[in-house]
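Peer 1: Sequence:
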Amino acid sequence: MKVRTRFAPSPTGKVHIGNIRVAIYNWLFARHTGGEFVLRVEDTDIERSTPEAIHALFDTMEWLNLDVDGEPLYQTSRQQAHLDAAETLLEKGLAYKEDKGGTGQGECVIFRMPGTDVTFVDGIKGKMTKKAENMQDFVIVRSNGTPVFHLANVLDDIEQGITHVIRGDDHVENTFRHIALYEALGAEVPNFSHLPMIVNHQGKPYSKRDGDAFVGDYREKGFLPDALVNYLALLGWSPGDDREVMTREEMVEAFTLERCQSSAAQFDMKKLTWMNGEYMQKLPMDDFSAICFGELEKAGIDAEPEYAEKVFELVRERVRTVADIAPMVSYFFTDDYEYDEKAVSKKLQKDGVAETLAQVRAILEALPSFDMASTDKALHDFVEQSGLGFGAVMPPVRIAVSGTQSGPDLFPVLAVLGREQVLKRIDQAVARYLA
RNA sequence: GACCCCUUCGUCUAGUGGCCUAGGACUCCAGGUUUUCAUCCUGGCAACACGGGUUCGAGUCCCGUAGGGGUCGCCA
Numbered sequence: 001m002k003v004r005t006r007f008a009p010s011p012t013g014k015v016h017i018g019n020i021r022v023a024i025y026n027w028l029f030a031r032h033t034g035g036e037f038v039l040r041v042e043d044t045d046i047e048r049s050t051p052e053a054i055h056a057l058f059d060t061m062e063w064l065n066l067d068v069d070g071e072p073l074y075q076t077s078r079q080q081a082h083l084d085a086a087e088t089l090l091e092k093g094l095a096y097k098e099d100k101g102g103t104g105q106g107e108c109v110i111f112r113m114p115g116t117d118v119t120f121v122d123g124i125k126g127k128m129t130k131k132a133e134n135m136q137d138f139v140i141v142r143s144n145g146t147p148v149f150h151l152a153n154v155l156d157d158i159e160q161g162i163t164h165v166i167r168g169d170d171h172v173e174n175t176f177r178h179i180a181l182y183e184a185l186g187a188e189v190p191n192f193s194h195l196p197m198i199v200n201h202q203g204k205p206y207s208k209r210d211g212d213a214f215v216g217d218y219r220e221k222g223f224l225p226d227a228l229v230n231y232l233a234l235l236g237w238s239p240g241d242d243r244e245v246m247t248r249e250e251m252v253e254a255f256t257l258e259r260c261q262s263s264a265a266q267f268d269m270k271k272l273t274w275m276n277g278e279y280m281q282k283l284p285m286d287d288f289s290a291i292c293f294g295e296l297e298k299a300g301i302d303a304e305p306e307y308a309e310k311v312f313e314l315v316r317e318r319v320r321t322v323a324d325i326a327p328m329v330s331y332f333f334t335d336d337y338e339y340d341e342k343a344v345s346k347k348l349q350k351d352g353v354a355e356t357l358a359q360v361r362a363i364l365e366a367l368p369s370f371d372m373a374s375t376d377k378a379l380h381d382f383v384e385q386s387g388l389g390f391g392a393v394m395p396p397v398r399i400a401v402s403g404t405q406s407g408p409d410l411f412p413v414l415a416v417l418g419r420e421q422v423l424k425r426i427d428q429a430v431a432r433y434l435a
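According to the numbering used here, the first sequence is numbered sequentially starting from 1.
Calculated from the structure, these hints are not laboratory results.
Any given hint could turn out to be false.
Computed cross-link-like contacts, DSSO-like style, restricted to lysine-lysine with a CA-CA straight-line distance of at most 27 Å [unchecked claim]: (1) K130 to K92; (2) K377 to K350; (3) K130 to K100; (4) K204 to K271; (5) K270 to K14; (6) K221 to K208; (7) K282 to K271; (8) K97 to K127; (9) K377 to K347; (10) K377 to K270; (11) K221 to K342; (12) K204 to K125; (13) K310 to K208; (14) K424 to K346; (15) K125 to K100; (16) K221 to K298; (17) K14 to K346; (18) K2 to K14; (19) K310 to K377; (20) K125 to K2; (21) K221 to K270; (22) K271 to K221; (23) K424 to K342; (24) K282 to K298; (25) K221 to K14; (26) K97 to K125; (27) K298 to K14.
The following label-pair restraints were derived from C-beta to C-beta distances [stated by the list, open to error]: (28) E47 to D170: 17 to 25 Å; (29) M1 to A299: 47 to 55 Å; (30) H16 to E341: 33 to 41 Å; (31) D376 to T334: 35 to 43 Å; (32) G145 to T50: 20 to 28 Å; (33) T50 to Q105: 23 to 31 Å; (34) E249 to P368: 50 to 58 Å; (35) E249 to K131: 43 to 51 Å; (36) E47 to E341: 25 to 33 Å.
Computed from a prediction, not measured in an experiment: that's the story for all the values here.
Virtual Cβ for every residue (Gly too), placed ideally from N, Cα, C.
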């Protein structure tokens, strides 16, 4: 039988990072087995399930490039079917009506647990058993006439022909009940697998109040979708060898449920950042440039394309996230850049620096050609003749022309900036800090 | 509290009884790349939760203890 997995979130506006990881695992499993991956929108919470929230869900799926088979099923469209099924269970005596009181809303429909132990083999955790006496009957239709999650979820999984339910650990207790429901409904019980949860930096479950709990947060921070998917896939799964940076194809090829971890994993922003850097390096130059131009535009920086390309080349290998780009290159596009106060006081505002910069300026101004090799040779010669040492010459120059003490190799920076700008910037820095 | 589940370096993990004096990756630290650095290279620190078994032999199997998590809604 062809495998069918699903992602069944309730659209609440933002897609939780833990939920999307579940989606990724479902997607990987379906693709690995040559099966199908479908989407179901559990939109029964009318208040929160707005068109915007549903749009955000699709947008996230698309951004992460998790392709879905067929059209999504909207749970609200299935309400009558859910109710009909409850009626059937009632007729068969597998459910009963009762006024449980308390809220005083009248009678609800309650599913009768079969009174036998429930056992299933979890694709990740192995054999799971729950004794009959530890399970209770549960409500499947509220006294206001609306179906409860358990009923709707199971019925829709049957409707969509789901063969493998891969969901979070928090559903294991539900699974025992759901299996009883499948059986009462006369439906084939699918395979169940429960993924461990991911925890935050403090080792606690990710709550919505933690920062970085939603996919959008990572997008804003400049992570690439492929890197995020790769990182999340490895958070609780491994291919069994030492591979970490993997293409989608490689992950799909290697993915199995057996290789999924059964204990919780802690999200590590540093490792994600590293991995994202790996993906940034691998980006074709054209793609990288396109991203850079986009970032410049967002930052309100006007860039002349030919010049900008040269700048991008320079910072290419140092960029870790998309968000790094604008701050890293902004000084190339304006002479009104900020000076790092610490660098200024530590390296620029020191005895002799004014004199050194004056000499360097004179040398650079007199150079017949301002290319990389020329400035390189000229400054090396100067260092040697003056006996000052590189540490006393290069950092002040760098800070003067860029405002910071870190960045790409200095000579290419000077070359890209051009003589006019370099001289102007040295004058500007001297006037500002050494006058 | 009851019921389910989990436990290898700080973190993600490899490991399915001998190949483990436990491997890789991230982080961190040190050195190098005769200037900086968020790049690159080299090296280093660092773990089988604990206690009992089983076995010639246990990170790997069993039991217990401790710690952690999940669930106990007419939420999903």
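Peer 1: All hints are to be evaluated individually against the structure, with a verdict given for each.
Peer 2: Structure-based check of all given hints:
The suggested pairing of K130 with K92 holds, with an alpha-carbon distance near 25 Å, which does not exceed 27 Å. Of the supplied pair hints, the one linking K377 and K350 holds, its CA atoms being roughly 25 Å apart against a limit of 27 Å. Distance restraint check for K130 and K100: the Cα-Cα separation of roughly 25 Å lies within the 27 Å cut-off, and the hinted pair is therefore satisfied. Restraint check for K204 and K271: satisfied, since their Cα atoms lie roughly 18 Å apart, inside the 27 Å limit.
Between K270 and K14 the alpha-carbon distance is near 23 Å, which keeps this suggested pair within the 27 Å criterion. In summary, the hint linking K221 to K208 is supported, as the alpha carbons are separated by about 17 Å, within the 27 Å threshold. Our distance criterion of 27 Å between C-alpha atoms is met by K282 and K271, whose separation comes to about 17 Å. Among the hinted pairs, K97 with K127 is inconsistent with the structure: their alpha-carbon atoms are about 33 Å apart, more than 27 Å.
Taking the CA atoms of K377 and K347, the gap is near 23 Å; set against the 27 Å cutoff, the hint holds. A threshold of 27 Å between alpha carbons decides the hint, and for K377 with K270 the separation of about 39 Å lies outside it, so the pair is violated. In summary, the hint linking K221 to K342 is supported, as the alpha carbons are separated by about 26 Å, within the 27 Å threshold. A hinted pair counts as satisfied when its Cα atoms are at most 27 Å apart, and K204 with K125 qualifies at roughly 21 Å.
For the suggested pair K310 and K208, the alpha carbons sit about 42 Å apart, so the restraint of at most 27 Å is broken. Distance check on the hinted pair: K424 and K346 sit about 22 Å apart at the alpha-carbon level, within 27 Å; holds. Distance hint between K125 and K100 is unfulfilled; the C-alpha atoms sit about 35 Å from each other, more than 27 Å. Restraint check for K221 and K298: satisfied, since their Cα atoms lie roughly 13 Å apart, inside the 27 Å limit.
A C-alpha spacing of about 45 Å is found between K14 and K346, which places the hinted pair above 27 Å, so the restraint is violated. Restraint check: the Cα-Cα separation between K2 and K14 comes to about 31 Å, which exceeds 27 Å; the hinted pair is violated. Restraint check for K310 and K377: satisfied, since their Cα atoms lie roughly 21 Å apart, inside the 27 Å limit. Taking the CA atoms of K125 and K2, the gap is about 23 Å. The hint holds against a cut of 27 Å.
Using a Cα cut-off of 27 Å, the hinted pair K221 and K270 holds, with the two alpha carbons roughly 13 Å apart. Restraint check for K271 and K221: satisfied, since their Cα atoms lie roughly 14 Å apart, inside the 27 Å limit. The suggested pairing of K424 with K342 holds, with an alpha-carbon distance near 22 Å, which does not exceed 27 Å. For the hint linking K282 to K298, the alpha-carbon distance of about 23 Å falls within 27 Å, and the restraint holds.
Proximity of K221 to K14 is assessed by CA-CA distance (about 16 Å); at most 27 Å being required, the pair is judged to hold. Restraint check for K97 and K125: the C-alpha separation of about 36 Å exceeds 27 Å, so the hint is violated. Only pairs whose Cα atoms come within 27 Å are accepted, and K298 paired with K14 is accepted, the gap being roughly 23 Å. Distance hint for E47 and D170: a CB-CB separation of about 22 Å, consistent with the stated range 17 to 25 Å.
In this structure the supplied range 47 to 55 Å holds for M1 paired with A299, their Cβ-Cβ distance being about 53 Å. Evaluation of the 33 to 41 Å hint for H16 and E341 yields a pass: the beta carbon distance comes to about 40 Å. Against the hinted window of 35 to 43 Å, the Cβ-Cβ separation of D376 and T334 comes to about 26 Å, which falls outside the hint. Against the hinted window of 20 to 28 Å, the Cβ-Cβ separation of G145 and T50 comes to about 23 Å, which satisfies the hint.
In this structure, T50 and Q105 meet the distance hint of 23 to 31 Å, their C-beta atoms being roughly 26 Å apart. Between E249 and P368 the beta carbon distance is about 53 Å. The supplied range of 50 to 58 Å therefore holds. At roughly 44 Å, the beta carbons of E249 and K131 sit within the given window of 43 to 51 Å. A hinted range of 25 to 33 Å for the beta carbons of E47 and E341 is inconsistent with their spacing of about 49 Å.
In this structure, the earlier hints numbered 8, 10, 13, 15, 17, 18, 26, 31, 36 are contradicted, and the remaining ones agree with it.
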